[in-house]
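Q: Sequential numbering from 1352 applies to the sequence shown in my numbering.
A couple of the hints might just be wrong.
[What the hints assert, rightly or not] Straight-line Cα separation of at most 30 Å, DSSO-like style, residue types lysine-lysine; simulated pairs:
(1) K1417 / K1441
(2) K1417 / K1430
(3) K1428 / K1417
(4) K1414 / K1428
(5) K1441 / K1487
(6) K1487 / K1417
Simulated from the structure, these hints should not be mistaken for lab results.
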Amino acid sequence: MASTSVLISQSNFSLPPTDKYRGAVVEDLQLPPAFALPSDEAISRAIELAYERDFSHIPVLDKNRKPLGYLDVATLKTKWEAGMANPDDKVIVYMTKFTRLPSQPYTVITPSTPLAELEQFLEHNIFALVTDWDRKFVLAVATSQDLENFVSRRG
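Generate the whole structure from the sequences, applying the supplied hints.
A: Structure, rendered in structure tokens:
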């Protein structure tokens, strides 16, 4: 009787990916409270506050605290140093506006959003604004570095 051997390729079987976040949610990141600027804040004050808090991106809000966009602090500083920005100019002039189109709906990131979902969002975005479910308040700002720090802390 002849012996028959069967080769099984590993690629034919897919094991479920390990959840490196172990079911953790955004709240588990223990992010500091959000720092945001009103749209009419002077850029001189914005740069000062950004460096005090060591932030590279700052959300900009309208008078009703609705997110309008964000400041890229490094870009703003470059314009300032090149003399292309007046210290009294308002941040709304230099902010990057959020796109609001029906074809690009918002992804709501809340404290209860799983970190795996946040990671997917951050693959295409610089940061995420963490809001309440009604999107009335910006609670925190999350970045890919926050996720990396979380994973390294948990081991």
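Q: Could you tell me which of the numbered hints above are not met by this structure, giving the numbers in increasing order?
A: none
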